[in-house]
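J.: Chains as they are written, first to last, in the working numbering: chain X, 43 to 428; chain G, 43 to 428.
Possibly wrong hints are sitting among the right ones.
Below, in silico cross-link-like pairs of lysine-lysine (DSS-like), each with a Cα-Cα straight-line distance of 27 Å or less [what the hints assert, rightly or not]:
hint, chain 1, residue 1, chain 2, residue 2
1, G, Lys-272, X, Lys-374
2, X, Lys-354, X, Lys-129
3, X, Lys-372, G, Lys-269
4, G, Lys-269, X, Lys-354
5, X, Lys-272, G, Lys-351
6, X, Lys-269, G, Lys-121
7, G, Lys-272, G, Lys-297
8, G, Lys-372, X, Lys-272
9, X, Lys-351, G, Lys-272
10, G, Lys-370, X, Lys-269
11, G, Lys-269, X, Lys-121
12, G, Lys-372, G, Lys-129
13, X, Lys-272, G, Lys-354
14, G, Lys-372, G, Lys-351
15, X, Lys-121, X, Lys-269
16, G, Lys-370, X, Lys-272
17, G, Lys-272, X, Lys-129
18, X, Lys-272, G, Lys-374
19, X, Lys-129, G, Lys-269
20, X, Lys-272, G, Lys-129
21, X, Lys-370, G, Lys-272
22, G, Lys-272, X, Lys-372
23, X, Lys-252, X, Lys-269
24, G, Lys-129, X, Lys-269
If you're looking for bench data, these hints aren't it; they were derived computationally from the structure.
Number of protein chains: 2
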Amino acid sequence: MNKNLLLAPGPTPVPPEALLRMAQPMIHHRTPQFSQTLAETAAMLQELYQTTQPVLMIAGSGTAGMESVVANLIGAGDKALVVRGGKFGERWGEIVEAHGGIAVNLDVEWGQAVDPKAVAARLDEDPDIACVFVQACETSTATEHPIEALAAVVRERDNVLLCVDGITGVGCFPLPMDEWGIDALVCGSQKALQLPPGLATVALSERAWKRAETVQRTGTYYLDLLKERKAQAEQRTTAWTAPVSLIHGLNEVLKRTLDEGLAQTYARQECLARATRAGLEAIGLRLYSSAPSRSVTAAWVPEGVDGAKLVKYLRDEMGVTLAGGQAKLKGKIIRIGHMGYVGPFDIISGLSAVEIALDRLGHDVEFGRGPAAAIAIVREQWPSAA
Amino acid sequence: MNKNLLLAPGPTPVPPEALLRMAQPMIHHRTPQFSQTLAETAAMLQELYQTTQPVLMIAGSGTAGMESVVANLIGAGDKALVVRGGKFGERWGEIVEAHGGIAVNLDVEWGQAVDPKAVAARLDEDPDIACVFVQACETSTATEHPIEALAAVVRERDNVLLCVDGITGVGCFPLPMDEWGIDALVCGSQKALQLPPGLATVALSERAWKRAETVQRTGTYYLDLLKERKAQAEQRTTAWTAPVSLIHGLNEVLKRTLDEGLAQTYARQECLARATRAGLEAIGLRLYSSAPSRSVTAAWVPEGVDGAKLVKYLRDEMGVTLAGGQAKLKGKIIRIGHMGYVGPFDIISGLSAVEIALDRLGHDVEFGRGPAAAIAIVREQWPSAA
Numbered sequence: 043m044n045k046n047l048l049l050a051p052g053p054t055p056v057p058p059e060a061l062l063r064m065a066q067p068m069i070h071h072r073t074p075q076f077s078q079t080l081a082e083t084a085a086m087l088q089e090l091y092q093t094t095q096p097v098l099m100i101a102g103s104g105t106a107g108m109e110s111v112v113a114n115l116i117g118a119g120d121k122a123l124v125v126r127g128g129k130f131g132e133r134w135g136e137i138v139e140a141h142g143g144i145a146v147n148l149d150v151e152w153g154q155a156v157d158p159k160a161v162a163a164r165l166d167e168d169p170d171i172a173c174v175f176v177q178a179c180e181t182s183t184a185t186e187h188p189i190e191a192l193a194a195v196v197r198e199r200d201n202v203l204l205c206v207d208g209i210t211g212v213g214c215f216p217l218p219m220d221e222w223g224i225d226a227l228v229c230g231s232q233k234a235l236q237l238p239p240g241l242a243t244v245a246l247s248e249r250a251w252k253r254a255e256t257v258q259r260t261g262t263y264y265l266d267l268l269k270e271r272k273a274q275a276e277q278r279t280t281a282w283t284a285p286v287s288l289i290h291g292l293n294e295v296l297k298r299t300l301d302e303g304l305a306q307t308y309a310r311q312e313c314l315a316r317a318t319r320a321g322l323e324a325i326g327l328r329l330y331s332s333a334p335s336r337s338v339t340a341a342w343v344p345e346g347v348d349g350a351k352l353v354k355y356l357r358d359e360m361g362v363t364l365a366g367g368q369a370k371l372k373g374k375i376i377r378i379g380h381m382g383y384v385g386p387f388d389i390i391s392g393l394s395a396v397e398i399a400l401d402r403l404g405h406d407v408e409f410g411r412g413p414a415a416a417i418a419i420v421r422e423q424w425p426s427a428a
Numbered sequence: 043m044n045k046n047l048l049l050a051p052g053p054t055p056v057p058p059e060a061l062l063r064m065a066q067p068m069i070h071h072r073t074p075q076f077s078q079t080l081a082e083t084a085a086m087l088q089e090l091y092q093t094t095q096p097v098l099m100i101a102g103s104g105t106a107g108m109e110s111v112v113a114n115l116i117g118a119g120d121k122a123l124v125v126r127g128g129k130f131g132e133r134w135g136e137i138v139e140a141h142g143g144i145a146v147n148l149d150v151e152w153g154q155a156v157d158p159k160a161v162a163a164r165l166d167e168d169p170d171i172a173c174v175f176v177q178a179c180e181t182s183t184a185t186e187h188p189i190e191a192l193a194a195v196v197r198e199r200d201n202v203l204l205c206v207d208g209i210t211g212v213g214c215f216p217l218p219m220d221e222w223g224i225d226a227l228v229c230g231s232q233k234a235l236q237l238p239p240g241l242a243t244v245a246l247s248e249r250a251w252k253r254a255e256t257v258q259r260t261g262t263y264y265l266d267l268l269k270e271r272k273a274q275a276e277q278r279t280t281a282w283t284a285p286v287s288l289i290h291g292l293n294e295v296l297k298r299t300l301d302e303g304l305a306q307t308y309a310r311q312e313c314l315a316r317a318t319r320a321g322l323e324a325i326g327l328r329l330y331s332s333a334p335s336r337s338v339t340a341a342w343v344p345e346g347v348d349g350a351k352l353v354k355y356l357r358d359e360m361g362v363t364l365a366g367g368q369a370k371l372k373g374k375i376i377r378i379g380h381m382g383y384v385g386p387f388d389i390i391s392g393l394s395a396v397e398i399a400l401d402r403l404g405h406d407v408e409f410g411r412g413p414a415a416a417i418a419i420v421r422e423q424w425p426s427a428a
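Start from the sequences and build out the full structure, keeping to the hints where you can.
T.: Spelled out as structure tokens, the structure:
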């Protein structure tokens, strides 16, 4: 009889309005009716991405979105600098290699942000590098990389592109694509976009499109962005059968987001991040990242507590879904997502649940410290009426 | 105020039970709860495919499913025989070439089924051919290719695999994978599976898996079936973030389908196909295909009628969505889908709508002939109570 609470770094809760919109009867994807929704959604995505370039929608997970960038920008033998500070940085490298590219790895300690100077140095050392691949937020470590500074470094060089996995970034914190000079920006539906998984969105800069037109592609058909740009930006349709329901859901969610306004959304998300950090620290948990993200927060589980057991207890006994650590962090950290359709009381509830679960697992807890710390921060979201 | 009727060859109507199931609150994909649904759904897919091999679920359109087969079975320089009798046959060839394969085209007149003897002759001529690519139903021409006979021809040869696009086949008519010896079978969610677009399903035979393990793949990451098999068949999870909602919907739809029983489903679908053909012919429309499909029916529009206008009138004025012709058949044929969640009265309604639209476009119509012919056939679905 638990009331379920989803506080994972994706999938995130879906607003009832979007669930109901997606539950409407199916319509055909090659109709003026659907074209209008597609075009309207594409225009709102441009506002979200802050770009004049088309933002393309692809049926697939975020990984498909990442691969679409590599497949269209990296040919066999092309060199790419890959910022590897977690599981998703590693994924960029794997995709580059799957497409015959050469991944030059810039390893960053997990939980730390990459130093833009280190990227600049690598680019100076190796003028053959064509693209830099990085995460806006490395979800596995809940760490933000400094995209604005990286873009400044990359844009000093004529022949290098900055490709950003913004899957847990876009819609969570500012990533103004054109203003900063990001060359490729990927997002996935199940994060700040508040939808079920299954839709990726991708935009390329003018420079990146030029490269895409000439690169020697390997094994690319479904993820052909040139074909998708022609279909979506010129013909108001998709190259392949569109994920009709998800695009209807996206239309709904983007209206809500743009109605609130991006600045307000980002401020609200940042406030939730600060509240989550303060709450976890007040419970006595140490933050994992030295550059904590505004979309997801990771903390070490206290000594003597098995992190896997903690996550399992929260989920199976209490109905509260957080994430544990991945790869080498398995059982060592917990991660709380606070993107999209998550409000202050969800965070307070999540912190309360962590206190209860720690207590039930035999850890000494002073109840209420986590919620108290969070309350002191989220109260900013309401004006004083005194 | 039209009540909409979707009779396209995909997407097809989604049952309200599946819409509501997909509208349930989101759950996380890396949980025992989701693993159970995934495993249960995978087992039902095996029943649908009639195979002991795993049937893998991939977030993406049917084209992604087709590409996953090519990407895992065709390496650079590998030869493939492609049966080209329509737009989707051409697509197999394009995908083979995108992956560096050599497409040997066996061109078949549009609207005709391929002759298995012609396939045998080509395989004899060229012993280097590794795979034969064909459609169970070539949706663009509403034509069935003889898969059982093709499988018999291919299985006489040790080193050739039969890869079947069953996107408008699986769930519509029998394609017993193991019994016939199909080596790769693809389906998409928006056809007989009665779901929104965005999910592909793929199974390989034991022979095909062996080939997948050794082939020199080009540019393949997201669609790596070996990785997906390991995740889905061994670890009850997906390699990438699963399209949670669509898999919940699939679970619902497969339960309904298997409850009805495959034999009964196929009989019902065939009855609808016969009723559609008879109805269109009674209206005076000539069938396009000489091997008409059990999932979709195509007919020439009458002389003097603009097919594009007819489809548009039905859709925009009457709320009835059929499909027109693609590529060189644009404006020349109409296609009516009768897969999945489509009942006899939907067909009768569709035929009535065609009569009305033809009349409204100035064509001479004797009202009721189409419905009458369909009624005389679909009445078989109910036992006599006289």
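J.: A separate judgement is required for each hint: does it hold in the structure or not?
T.: Hint by hint, here is what the structure shows:
About 25 Å separates the Cα atoms of Lys-272/G and Lys-374/X, which keeps this hinted pair within 27 Å; it holds. Using a Cα cut-off of 27 Å, the hinted pair Lys-354/X and Lys-129/X holds, with the two alpha carbons roughly 22 Å apart. For a cut-off of 27 Å, the pair hint linking Lys-372/X to Lys-269/G stands: about 21 Å separates their Cα positions. A distance of roughly 26 Å separates the Cα atoms of Lys-269/G and Lys-354/X; the hinted pair therefore holds under the 27 Å criterion.
Of the supplied pair hints, the one linking Lys-272/X and Lys-351/G holds, its CA atoms being roughly 25 Å apart against a limit of 27 Å. As the CA atoms of Lys-269/X and Lys-121/G are separated by approximately 25 Å, the hinted pair is consistent with the 27 Å bound. This hinted pair checks out: Lys-272/G and Lys-297/G have alpha carbons roughly 25 Å apart, not beyond 27 Å. This hinted pair checks out: Lys-372/G and Lys-272/X have alpha carbons roughly 20 Å apart, not beyond 27 Å.
Simply put, Lys-351/X and Lys-272/G have alpha-carbon atoms about 25 Å apart, close enough for the 27 Å limit, and the pair holds. With a C-alpha separation of about 20 Å, the suggested pairing of Lys-370/G with Lys-269/X holds against the 27 Å cut-off. A distance of roughly 25 Å separates the Cα atoms of Lys-269/G and Lys-121/X; the hinted pair therefore holds under the 27 Å criterion. For the hint pairing Lys-372/G with Lys-129/G, the CA-to-CA distance comes to about 12 Å; that is within 27 Å, so the pair holds.
In summary, the hint linking Lys-272/X to Lys-354/G is supported, as the alpha carbons are separated by about 24 Å, within the 27 Å threshold. Straight-line distance between C-alpha atoms of Lys-372/G and Lys-351/G comes to about 11 Å, which keeps the hinted pair within the 27 Å bound. The hinted pair formed by Lys-121/X and Lys-269/X meets the criterion: a straight-line CA distance of about 24 Å does not exceed 27 Å. Using a Cα cut-off of 27 Å, the hinted pair Lys-370/G and Lys-272/X holds, with the two alpha carbons roughly 20 Å apart.
Distance restraint check for Lys-272/G and Lys-129/X: the Cα-Cα separation of roughly 19 Å lies within the 27 Å cut-off, and the hinted pair is therefore satisfied. In summary, the hint linking Lys-272/X to Lys-374/G is supported, as the alpha carbons are separated by about 25 Å, within the 27 Å threshold. A C-alpha spacing of about 16 Å is found between Lys-129/X and Lys-269/G, which places the hinted pair at or below 27 Å, so the restraint holds. Between Lys-272/X and Lys-129/G the alpha-carbon distance is near 19 Å, which keeps this suggested pair within the 27 Å criterion.
Taking the CA atoms of Lys-370/X and Lys-272/G, the gap is about 20 Å. The hint holds against a cut of 27 Å. This hinted pair checks out: Lys-272/G and Lys-372/X have alpha carbons roughly 20 Å apart, not beyond 27 Å. Restraint check for Lys-252/X and Lys-269/X: the C-alpha separation of about 14 Å stays at or below 27 Å, so the hint holds. Annotation: proposed proximity of Lys-129/G to Lys-269/X holds, straight-line Cα distance about 16 Å (limit 27 Å).
When the structure is compared with the earlier hints, no violation turns up for any of them.
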